[in-house]
Each structure stands twice: as structure tokens, then as C-alpha cells.
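Counting along the sequence shown from 1, when you hit position 192 you're at 192 in our numbering, and nothing is skipped either side.
Just so you know, the hints here were simulated from the structure itself, not pulled from any lab data. Don't be surprised by glycine CBs; every beta carbon is placed ideally from N, CA and C. Some hints could be false.
[Stated by the list, open to error] Restraint-style ranges between C-beta atoms, simulated for each label pair: (1) E48 <-> K6: 24 to 32 Å; (2) S222 <-> T67: 44 to 52 Å; (3) E207 <-> E48: 16 to 24 Å; (4) T167 <-> D65: 18 to 26 Å; (5) R8 <-> G260: 41 to 49 Å; (6) P220 <-> T45: 44 to 52 Å; (7) R202 <-> T45: 26 to 34 Å; (8) A126 <-> A31: 26 to 34 Å; (9) G260 <-> E171: 40 to 48 Å; (10) R97 <-> E205: 44 to 52 Å; (11) E101 <-> H66: 35 to 43 Å; (12) E265 <-> A133: 44 to 52 Å; (13) A71 <-> E48: 41 to 49 Å.
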Amino acid sequence: MTDSAKIRGKVVVITGGARGIGLATATALQALGAKIAIGDIDEVTVKESGAARDFEFYGKLDVTDHTSFEAFLDEVERSVGPVDVLINNAGIMPTGRLVDEPDQITRRILDINVYGVILGSKLGLARMLPRGAGHIINIASLAGETHIPGLATYNASKHAVLGFTDTLREEYRESGVRFSSVLPTLTKTELGSGVSTPKVLRPAEPEEIADAIADLIASPRSKVRVTTVAGLISQVVGLLPEAVGDGIARALGASDAFLGDVDTEQRRAYEERVRGA
1 MTDSAKIRGK
11 VVVITGGARG
21 IGLATATALQ
31 ALGAKIAIGD
41 IDEVTVKESG
51 AARDFEFYGK
61 LDVTDHTSFE
71 AFLDEVERSV
81 GPVDVLINNA
91 GIMPTGRLVD
101 EPDQITRRIL
111 DINVYGVILG
121 SKLGLARMLP
131 RGAGHIINIA
141 SLAGETHIPG
151 LATYNASKHA
161 VLGFTDTLRE
171 EYRESGVRFS
181 SVLPTLTKTE
191 LGSGVSTPKV
201 LRPAEPEEIA
211 DAIADLIASP
221 RSKVRVTTVA
231 GLISQVVGLL
241 PEAVGDGIAR
251 ALGASDAFLG
261 DVDTEQRRAY
271 EERVRGA
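Make a model of the complete structure from these sequences and hints.
What follows is the structure in C-alpha cells.
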């Protein structure tokens, strides 16, 4: 049970907050008494989501644009208060073989998933350091601890997020600012639509990720993996000899989950949206 007293009154900014994990997290934290600001590149949906839940602030945010991000944080601090927690959640996951991935999609994945996290962390840190307090939470993925065919660039982006966040944690270890990574398994959001779940694993509900983030804010630590079972498998496989670990992953169906077993029709709307089609 999350200690709501440690969350009540905190100003929490969530990128990619219009839907999915971002919106579920905003909703959960609001219920625990946090003041919520969500931003998203999808201006129509973020305003609909924010207004429907009466969040303190909501608006368009392009995490790949310095001016957009800084202006968003400026407005949050003017209208809501100093940012206590910044959750860099915005991310995209186009699937397919690398050779078929257009250069603009490769750049788009890296711009949003990596540069957006770096930029957000930099801007958040600049505001938190003078106060000697704050918490930056970067949404990575269990894909950041492994390698999954069909997700080469996405995997690379999440490995980058983990390495980046761990480095900041040490670089600013005496600053009062905390840094954490969240590593979800495949989650039941639009991002995971049409993708088959590897054997013995189940997809997480976005509310499970939200609850884990709430616990992380109340009791900060460097990493949290969701689900517990998927996280344990990821860690154990990572310790095994390469051939054994890869063999287990193939036996679980990881080799086909994002390639041959994808329901392209079910996934079409998401792929078209994140690819800018």
C-alpha cells in the first residue's frame, strides 16, 4: 500500500500523458493527492484527457523540442508550483526488421525515446538542483536489459535510457535529486497492440505500472521492474551464458513476438500514428 502522505501535494509532470501508462500514472497519483501536469504531442487528446480528469495543468508538449519543453515546465511552475517529480514517459515502439526501417523512423525513435528523456532530465535537473530536492523518473523497459528481434532501435533506445539514468544517479548522488528507471514488460496499451505475449508471461496492466511508479515516488530507489515475474526472468536470463539465455528467449517465443506473430491490422492505427503516416 503506497504511503499517500509522501505523495500528497507534490507537483508531478508526466510526458506522454494523454494515454496509456502516462495517463494511468497521472490518474493514480491524482487519487493519492498529487498535483498533476500532463503534456503530450497530441494536443487534442491531452486536452480531452486532462479536462476529463480535472488535472491541474495539461497541454501540448514536444519532448524533442527544447523551446516547447522549457515553455511547458515554465507554465507548470507558474500555474501549479515548482516541479517535485518529472516522469519522462513519452516513447514510441514501431516494430519490424531493421533493414525495413526508414531512416526517418529510426531518427524519430531516438529523438523521442532518448533525446526526449535526456532533454527532460536536463531541464528538470536545472530546476531541482537549486532547491536540493526532486525526483526524475525515466520510463525505460525490460527491453533495455535484453535484445528482442523486431525491436532493434527501440531496444537500443531503452538500453540508452537505463545507462543514462544510472549515470545521473551517480553524477548527482549528493545533490538531493533522485533518479529512477521504470522497466515495464509488454503492457496492455496501444503501444503493445497486436503483439503476442511470450510464453509464461502475461502483459501488464497500465495501472500496475502506475502503482509501481507511485511506490517509487513514496520510497525512491534506482529501478523497479514490472511485472515481478517478467523482471526476474529478465535478470536471470541476463546472467546466463549467451547461448543459453538466447535459447530460453527463443523457447519463450521472444523471437517471433514482434515479427511473425504480430497482428498487423490490430496494430495498424498505432503504427500509422507514431510513424506520422
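Now for the hints, and whether the structure bears them out:
| no. | hint | result |
| --- | --- | --- |
| 1 | E48 <-> K6: 24 to 32 Å | holds (30 Å) |
| 2 | S222 <-> T67: 44 to 52 Å | violated (31 Å) |
| 3 | E207 <-> E48: 16 to 24 Å | holds (20 Å) |
| 4 | T167 <-> D65: 18 to 26 Å | holds (24 Å) |
| 5 | R8 <-> G260: 41 to 49 Å | holds (48 Å) |
| 6 | P220 <-> T45: 44 to 52 Å | violated (30 Å) |
| 7 | R202 <-> T45: 26 to 34 Å | holds (27 Å) |
| 8 | A126 <-> A31: 26 to 34 Å | holds (30 Å) |
| 9 | G260 <-> E171: 40 to 48 Å | holds (42 Å) |
| 10 | R97 <-> E205: 44 to 52 Å | violated (29 Å) |
| 11 | E101 <-> H66: 35 to 43 Å | violated (26 Å) |
| 12 | E265 <-> A133: 44 to 52 Å | holds (48 Å) |
| 13 | A71 <-> E48: 41 to 49 Å | violated (21 Å) |
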